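Let's have the full structure, built from the sequences with the hints guiding it.
Number of protein chains: 2
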Amino acid sequence: MFDYKLLSALVTVVEQGGFERAAQVLGLSQSAVSQRIKLLEARVGQPVLLREVPPQATEIGRRLLNHVQQVRLLERDLQGQVPELDENRQPERLRIALNADSLSTWWGEAVAQFCADHQILLDHVVEDQAVGLKRMRAGDVAACVCAAERPLAGARSTFLGSMRYLALASPAFLARHFGDGVKADGLARAPAIVFGPDDYLQHRYLAALGIGEGFNFHLCPSSEGFVKLLLSDLGWGMVPELQVREELDSGRLVELQAGLRIDVPLYWHHWRNGGELLGQLTRHLARTAGKWLVPGPA
Amino acid sequence: MFDYKLLSALVTVVEQGGFERAAQVLGLSQSAVSQRIKLLEARVGQPVLLREVPPQATEIGRRLLNHVQQVRLLERDLQGQVPELDENRQPERLRIALNADSLSTWWGEAVAQFCADHQILLDHVVEDQAVGLKRMRAGDVAACVCAAERPLAGARSTFLGSMRYLALASPAFLARHFGDGVKADGLARAPAIVFGPDDYLQHRYLAALGIGEGFNFHLCPSSEGFVKLLLSDLGWGMVPELQVREELDSGRLVELQAGLRIDVPLYWHHWRNGGELLGQLTRHLARTAGKWLVPGPA
Numbered sequence: 001m002f003d004y005k006l007l008s009a010l011v012t013v014v015e016q017g018g019f020e021r022a023a024q025v026l027g028l029s030q031s032a033v034s035q036r037i038k039l040l041e042a043r044v045g046q047p048v049l050l051r052e053v054p055p056q057a058t059e060i061g062r063r064l065l066n067h068v069q070q071v072r073l074l075e076r077d078l079q080g081q082v083p084e085l086d087e088n089r090q091p092e093r094l095r096i097a098l099n100a101d102s103l104s105t106w107w108g109e110a111v112a113q114f115c116a117d118h119q120i121l122l123d124h125v126v127e128d129q130a131v132g133l134k135r136m137r138a139g140d141v142a143a144c145v146c147a148a149e150r151p152l153a154g155a156r157s158t159f160l161g162s163m164r165y166l167a168l169a170s171p172a173f174l175a176r177h178f179g180d181g182v183k184a185d186g187l188a189r190a191p192a193i194v195f196g197p198d199d200y201l202q203h204r205y206l207a208a209l210g211i212g213e214g215f216n217f218h219l220c221p222s223s224e225g226f227v228k229l230l231l232s233d234l235g236w237g238m239v240p241e242l243q244v245r246e247e248l249d250s251g252r253l254v255e256l257q258a259g260l261r262i263d264v265p266l267y268w269h270h271w272r273n274g275g276e277l278l279g280q281l282t283r284h285l286a287r288t289a290g291k292w293l294v295p296g297p298a
Numbered sequence: 001m002f003d004y005k006l007l008s009a010l011v012t013v014v015e016q017g018g019f020e021r022a023a024q025v026l027g028l029s030q031s032a033v034s035q036r037i038k039l040l041e042a043r044v045g046q047p048v049l050l051r052e053v054p055p056q057a058t059e060i061g062r063r064l065l066n067h068v069q070q071v072r073l074l075e076r077d078l079q080g081q082v083p084e085l086d087e088n089r090q091p092e093r094l095r096i097a098l099n100a101d102s103l104s105t106w107w108g109e110a111v112a113q114f115c116a117d118h119q120i121l122l123d124h125v126v127e128d129q130a131v132g133l134k135r136m137r138a139g140d141v142a143a144c145v146c147a148a149e150r151p152l153a154g155a156r157s158t159f160l161g162s163m164r165y166l167a168l169a170s171p172a173f174l175a176r177h178f179g180d181g182v183k184a185d186g187l188a189r190a191p192a193i194v195f196g197p198d199d200y201l202q203h204r205y206l207a208a209l210g211i212g213e214g215f216n217f218h219l220c221p222s223s224e225g226f227v228k229l230l231l232s233d234l235g236w237g238m239v240p241e242l243q244v245r246e247e248l249d250s251g252r253l254v255e256l257q258a259g260l261r262i263d264v265p266l267y268w269h270h271w272r273n274g275g276e277l278l279g280q281l282t283r284h285l286a287r288t289a290g291k292w293l294v295p296g297p298a
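Residue numbers (UniProt numbering), protein chains in the order written: chain G, 1 to 298; chain V, 1 to 298.
Worth double-checking, as some hints may not be accurate.
Copies of one chain are not kept apart here, so a pair can be met inside one copy or by any two copies together.
[As the list claims (entries may be wrong)] Here are the simulated lysine-lysine pairs, DSS-like style, with alpha carbons at most 27 Å apart:
1) Lys183 x Lys5
2) Lys134 x Lys5
3) Lys228 x Lys134
4) Lys183 x Lys134
5) Lys38 x Lys183
6) Lys5 x Lys38
7) Lys183 x Lys291
8) Lys228 x Lys183
Everything labelled a hint here was simulated from the structure, so no lab data went into it.
The structure displayed is predicted, hence computed values, not measured ones.
Written out as structure tokens, the structure reads:
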């Protein structure tokens with residue numbers, strides 16, 4: 001079997017963000033922690049950590065971290081049956097990739113009680129909804145929320161519901177750029193706001209209006225910043241309805257064209273052998289996500 | 001001189017997120033764009049683009065992009081004097097690294113009018129306030145907002161003001177974990193929320209209370225998600241006062257200890273030879289940032 005003393009040193013250095021704090025948590029000297037990491041690297045024949053501040057796991061390091069996480073989940077199941085195995089049980093860490101818009105809107109409310117009940121700590125990794133599965137394939141996360149339906153080999157996917165996106169701008173922006181109505185040539189010139197290079201929602205909206213060529217845009221990789229830029233009259237953009245109910249009610253943001261919306265389906269992907277905890281979280285999400293997400297298209 | 005026809009193909013592919021859209025924007029066939037990129041790579045002797053969807057610039061590619069951006073800023077200055085040089089002037093793109101909390105709060109309002117007046121499109125790159133300078137050093141951005149004062153060689157730094165952070169949690173979280181008052185041993189056990197591996201604000205807060213060892217935390221790399229997790233009773237964490245005025249007024253979030261705050265200074269770093277536009281933006285920010293940021297410590 002692997003030497004879990006060494007693996008646990010790696011996990012602690014990464015979780016605590018440094019050798020000094022890892023040593024405190026493990027009750028070891030800093031040089032003992034460092035020694036364990038070096039021994040681990042000698043065994044796997046390559047670096048597991050980049051010695052940055054804070055230390056970052058290499059690709060092989062991330063695979064080891066993911067393995068330890070899966071082992072911990074299995075241990076947890078066993079502890080449920082044999083509680084005396086580990087008296088000083090630490091809260092479990094679960095690493096989950098999800099799109100920024102979920103994390104900014106419904107996610108916290110959906111998982112809060114579950115985390116408190118099961119003593120779970122969450123490591124959230126933000127990925128655009130189109131690319132979250134990459135993280136799972138890389139062995140970097142235990143589960144992910146993303147727009148792709150097809151599960152990876154060894155994993156399952158569950159439809160949670162769709163996020164509804166509206167094309168919004170401030171009244172001042174609309175007046176400046178679309179004084180005589182929202183038309184195709186104006187839309188191609190008025191600046192849009194795009195979350196990042198993986199965000200094609202604005203392209204899809206324009207395509208639905210028959211606008212295929214390039215357009216001007218600001219890049220803003222922050223959900224809250226995105227809305228702030230809209231409110232500051234900097235551009236138009238696609239925003240989850242969940243995130244801007246108040247701005248819509250007060251009229252601070254308005255739709256470019258009433259009724260033209262994009263629903264993005266969200267799927268929960270998780271490893272099939274991820275242990276009972278992950279199974280419970282899956283059932284919890286499938287049961288509750290409908291409070292925030294709309295039903296179609298699935 | 002460099003062949004700007006080739007460089008401009010590179011810039012357009014990256015800005016438009018693909019060869020097909022770049023070809024539309026440049027009015028070329030897709031294979032002509034692809035040919036120009038290959039020629040550029042033959043000249044520099046290594047790949048400038050990773051052929052992913054969307055294409056990503058390699059490190060050398062990013063340096064070329066940054067060079068083109070600087071050249072464009074200089075061209076812009078010249079066009080101010082000789083307007084007939086380029087009739088079909090495109091809006092200028094300015095690539096700026098800043099901390100997520102600035103982008104989520106004051107930044108949009110501070111730059112909106114300036115961008116509209118000068119026809120600028122912004123590419124925001126989010127970096128923790130401690131590491132934004134890395135991006136400048138890598139030649140990846142024209143300017144950055146970060147916590148470090150010392151400018152890079154060839155750059156200048158200007159103090160903008162400080163963001164004030166409060167340690168906050170929901171009343172329900174406080175009641176659950178600190179029924180008999182906020183004390184050191186409780187704080188070490190109650191889960192915190194940490195933005196990412198570069199976020200040491202929670203550590204600094206605990207250190208100020210004499211708590212030096214490790215603590216439990218969720219990771220949440222989203223400013224708005226961070227506040228959502230606080231509101232869902234998942235943990236306590238340091239949040240910019242600017243971001244939660246409403247939650248503080250309504251009592252949905254409360255301070256752990258009244259009066260113990262952390263002020264993080266923010267500096268504007270920009271290349272000295274960045275052209276007149278960057279100089280104007282610098283003066284604009286220095287003049288207006290005080291509306292949102294607190295004066296000390298500088």
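Against the structure, the hints come out as follows:
1. Lys183 x Lys5: neither (64 Å within a copy, 32 Å between copies)
2. Lys134 x Lys5: For Lys134 and Lys5, the Cα distance exceeds 27 Å both inside one copy (29 Å) and across copies (34 Å).
3. Lys228 x Lys134: between (30 Å within a copy, 26 Å between copies)
4. Lys183 x Lys134: This pair counts as neither: shortest intra-copy Cα distance 38 Å, inter-copy 42 Å.
5. Lys38 x Lys183: Intra 63 Å, inter 38 Å, cutoff 27 Å: neither.
6. Lys5 x Lys38: within (13 Å within a copy, 49 Å between copies)
7. Lys183 x Lys291: Neither way: Lys183 and Lys291 sit 35 Å apart in one copy and 37 Å across, limit 27 Å.
8. Lys228 x Lys183: Cα proximity of Lys228 and Lys183: one copy only (24 Å, versus 37 Å across).
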